[in-house]
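Whole structure, please, built from the sequences with the hints as guidance.
Chains A and B supply the protein sequences, listed in that same order. Residue 8 in the numbering used here is what sits at position 8 of the first sequence, and the numbering runs on without skipping anything. Residue 198 in the numbering used here is what sits at position 198 of the second sequence, and the numbering runs on without skipping anything.
Treat the hints loosely; a few may be bogus.
Stated by the list, open to error - Under the rule of at most 20 angstroms between Cα atoms (straight-line distance), these lysine to aspartate or glutamate pairs were calculated in the EDC-like manner:
#, chain 1, residue 1, chain 2, residue 2
1, A, LYS109, A, ASP181
2, A, LYS191, B, ASP58
3, A, LYS348, A, GLU383
4, A, LYS126, A, GLU142
5, A, LYS132, B, ASP58
Hints were generated in silico from the structure; no laboratory data involved.
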Amino acid sequence: MTDLPGLSRRSLLVSAGVAGIAAATPGLAGCGASGDPAGGAHGDRLTLGTTQIMQFDPYQTNSALHIHSFYSYLIDYAPGGYRTVPAGAEKWTIGSDFRSVTITLRAAKFHDGRAISAEDVVAGVKRALNPKDGFTLVQPSEFIEKATAVDKRTVRIDFHYAVAEGIVLDWMFSFPLVPADHNSGAALANKPAGSGPFRLVEYDPNRRLRLARNADYWDKGKPRLKEIEFRFFQDDQAMVSALQSGDVDGAMYLEFNDVAQLKDQFTVAQGSGRMDIFFMNGGMPPFDNVRLRQALARAIDREKIIKQVRFGIGDPVYAPIMPGSAGFDKSYLTSHAFDLDAAARLLKKAGGERRATAAVSSDPGASQMMQIIQDDFKKIGFELTLKPMEATAFLNDLFAGKLECCVANQPNTLQSPGLVARGRAMLPSQDNVMMKNRVPQSYIDAVHACNTATNAAAQRDAYARLNKVIVDGAWAVGISTKKSLAGLRRQISGYAVDQRDYLILDNLRTR
Amino acid sequence: MSAYLLRRVGQFLVVLVLASIAVWAMVYALPGDAATVLAGPDASGPQIAATRARLGLDKPVVVQYLLWVKGAVTGHLGQSFYSADSVSHTLAERIPATVQLAVLGMLLALLIAIPIGTLIALRPRSLLARLLHGYLTAGLAIPSFWLALLLIITLAVRTHALPATGDYVNFWQHPVAALRWSILPAIAVAVHGSCIIARFLATSLSEVMQRDFIRTVRAKGVRESRVVIRHAMRNAALPTVTVVGIQLGSLLGGTVVIEALFNYPGLGRLLYTSIGQRDYAVVQGGVLFVVVVFLVLNLLVDLLYAYLDPRIRLA
Numbered sequence: 001m002t003d004l005p006g007l008s009r010r011s012l013l014v015s016a017g018v019a020g021i022a023a024a025t026p027g028l029a030g031c032g033a034s035g036d037p038a039g040g041a042h043g044d045r046l047t048l049g050t051t052q053i054m055q056f057d058p059y060q061t062n063s064a065l066h067i068h069s070f071y072s073y074l075i076d077y078a079p080g081g082y083r084t085v086p087a088g089a090e091k092w093t094i095g096s097d098f099r100s101v102t103i104t105l106r107a108a109k110f111h112d113g114r115a116i117s118a119e120d121v122v123a124g125v126k127r128a129l130n131p132k133d134g135f136t137l138v139q140p141s142e143f144i145e146k147a148t149a150v151d152k153r154t155v156r157i158d159f160h161y162a163v164a165e166g167i168v169l170d171w172m173f174s175f176p177l178v179p180a181d182h183n184s185g186a187a188l189a190n191k192p193a194g195s196g197p198f199r200l201v202e203y204d205p206n207r208r209l210r211l212a213r214n215a216d217y218w219d220k221g222k223p224r225l226k227e228i229e230f231r232f233f234q235d236d237q238a239m240v241s242a243l244q245s246g247d248v249d250g251a252m253y254l255e256f257n258d259v260a261q262l263k264d265q266f267t268v269a270q271g272s273g274r275m276d277i278f279f280m281n282g283g284m285p286p287f288d289n290v291r292l293r294q295a296l297a298r299a300i301d302r303e304k305i306i307k308q309v310r311f312g313i314g315d316p317v318y319a320p321i322m323p324g325s326a327g328f329d330k331s332y333l334t335s336h337a338f339d340l341d342a343a344a345r346l347l348k349k350a351g352g353e354r355r356a357t358a359a360v361s362s363d364p365g366a367s368q369m370m371q372i373i374q375d376d377f378k379k380i381g382f383e384l385t386l387k388p389m390e391a392t393a394f395l396n397d398l399f400a401g402k403l404e405c406c407v408a409n410q411p412n413t414l415q416s417p418g419l420v421a422r423g424r425a426m427l428p429s430q431d432n433v434m435m436k437n438r439v440p441q442s443y444i445d446a447v448h449a450c451n452t453a454t455n456a457a458a459q460r461d462a463y464a465r466l467n468k469v470i471v472d473g474a475w476a477v478g479i480s481t482k483k484s485l486a487g488l489r490r491q492i493s494g495y496a497v498d499q500r501d502y503l504i505l506d507n508l509r510t511r
Numbered sequence: 001m002s003a004y005l006l007r008r009v010g011q012f013l014v015v016l017v018l019a020s021i022a023v024w025a026m027v028y029a030l031p032g033d034a035a036t037v038l039a040g041p042d043a044s045g046p047q048i049a050a051t052r053a054r055l056g057l058d059k060p061v062v063v064q065y066l067l068w069v070k071g072a073v074t075g076h077l078g079q080s081f082y083s084a085d086s087v088s089h090t091l092a093e094r095i096p097a098t099v100q101l102a103v104l105g106m107l108l109a110l111l112i113a114i115p116i117g118t119l120i121a122l123r124p125r126s127l128l129a130r131l132l133h134g135y136l137t138a139g140l141a142i143p144s145f146w147l148a149l150l151l152i153i154t155l156a157v158r159t160h161a162l163p164a165t166g167d168y169v170n171f172w173q174h175p176v177a178a179l180r181w182s183i184l185p186a187i188a189v190a191v192h193g194s195c196i197i198a199r200f201l202a203t204s205l206s207e208v209m210q211r212d213f214i215r216t217v218r219a220k221g222v223r224e225s226r227v228v229i230r231h232a233m234r235n236a237a238l239p240t241v242t243v244v245g246i247q248l249g250s251l252l253g254g255t256v257v258i259e260a261l262f263n264y265p266g267l268g269r270l271l272y273t274s275i276g277q278r279d280y281a282v283v284q285g286g287v288l289f290v291v292v293v294f295l296v297l298n299l300l301v302d303l304l305y306a307y308l309d310p311r312i313r314l315a
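Written out as structure tokens, the structure reads:
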């Protein structure tokens, strides 16, 4: 038997097989068979890709994109600034002595049909004041003494001391309305109980979250979409591919290097995001030397980092106060600009050991950012050894105060610079993992002054003091804002992200 | 045969217990815990401590392990820290997706490997065999994740022919949709497997075809197709069955990278996510399932060996 006839026969079979596969592929491609699990916009339905959503407790998160879909907050801020918009609260009056606020609630209903009442706010405040269960609301609520229900829709909140109006408004912006009988970490762990624009339909922690329009939503005419589905991705590239292939209509929290490949085909929207901060642990050598910290602070090249790591997206910051806040002082970006000669001179005067280990989290960009810093530090004679760490291990050691130095994010300070001391453990006045018992008293006083400054002159003075104390203390050196990025099909409009980085879905619609 | 079976089952149980201890120890050796992840990126130290206490992670590791063993013996593998769902239920949701992908991948691999392996063994010098050798070399050299990316770019992103992401749809309920959402990950896992199986089959079949008994069968005038299928294949199948068993075991254990790349909701992705989140109970339950699958498949392969080659069960 020669090869040729056999070859031809087999070739024929192989060709038939290939032809079969080729014929089947468009069949599979075209199929919109029942049982199809995923998206594509269908007029009033959208599918958005995102990283995994973990829980539904609004007290436990400062930045989970989905939370605002389920919950109404007392007030909202108009996108891009701090103009107040009534939300769960219809109106409010701050006492003339700045020691109380009286809030009138909107006549609205929770998803279970029950009317929102003043008692729900009282229960919510009680939880916010409980250090064991109040989570991210504990520190922002520390000025509150008590909440009292005046009548069914009126609640009065008394403060321990006179508080700046901005602090009260930022607190109202962060305060979610939750039914009193569901307001605990355990009850909200896996099921939301709010009054927001969408209700929960389905939650599969590894696959999807489906939301349906809340027909009883207080803001009539909203939300515009009937249904939104979030598909969960662990891998950013898988999410980008899903967007490019049309599996999803939008992709939330993209990485910066995705922008170049998406910007020509999709709308790339920017949220206010957070801040990248270089932290030095003042509780351990060599960073217990404040002059050394001040020297190194001058050797951080923000422009290079924004250009090379954040692909030109982001604004430089010096103190960890967000641009847009009244306390943001851009003059430090000039007076304390990147200057290796000045840094070298200061380092020489500071003395002490000239080596340290920097922990590098697995956050996208963290490694490149630290390499730029390492390179510049080397030029002034300071050896930085980089230690890559997995995300959870990094957070664990960071919060345990074990890291010598690192780059980490800091949430938005909203309009009150005093909020710099809330949230994460690196900047609070107490239990500060970076400074331990060395938190400068001047910092504690400046934060308090910001929170209690009730007139314009006092505010100006307090904000200036706070900036100076942070810059002089130099354990938290701002690098830049880290915008949150989303890619959306061009047909989608109405996308908005608020100052906390919560996704506002009310206005989202397709053309 | 029954003594052999009993011995293997005994080994099975010992390995299972050792594996559970090893997995527990490894997971706990990882720095960081679920409380750090669950409390969120803005949590402070006291908030993380409160979350740790709520999850029972403040108890000594040994106590946590013994509590888990106590639950496992009574059929409760614990509760996920994140979904608050039982681990058994969480696994039960993921396992069908992985089984479907594994079976589809293995069927594709066998569909590719058997003709290729046979052809290379029977016509080693033909042009087609040489071309197929090239396929085998390339298939083994190309990492599955890279092939997966190529498939995504060419068939999903550029041509929109198929979805870039995978998803689980029950094949028996919606066969076309099931194929549509799992065909790309199945191809990605099948190509590498097909090359390994085809190589083993080709080598093994080629050796068998040189044996004396094949010459004898041919001398008796038996048709060539019958010589190959009835006499050579059965003998050549032994090493191939082992490889297929191991391949199937690793596919059922979850193809972590492929599932992550295609966002396929199978066991591999669940484990990948759970390790990152330090969801100990889910990791423990998932890995135990993988261990059991491997052990059962090993057992089955051994039994199949004994069936295919009587000398093994007599030994």
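Hints, verified against the model:
Between LYS109 (chain A) and ASP181 (chain A) the alpha-carbon distance is near 15 angstroms, which keeps this suggested pair within the 20 angstroms criterion. A threshold of 20 angstroms between alpha carbons decides the hint, and for LYS191 (chain A) with ASP58 (chain B) the separation of about 25 angstroms lies outside it, so the pair is violated. The suggested pairing of LYS348 (chain A) with GLU383 (chain A) holds, with an alpha-carbon distance near 14 angstroms, which does not exceed 20 angstroms. For the hint pairing LYS126 (chain A) with GLU142 (chain A), the CA-to-CA distance comes to about 11 angstroms; that is within 20 angstroms, so the pair holds.
Annotation: proposed proximity of LYS132 (chain A) to ASP58 (chain B) holds, straight-line Cα distance about 15 angstroms (limit 20 angstroms).
Hint check: a violation occurs at hint 2 only; the rest are consistent with the structure.
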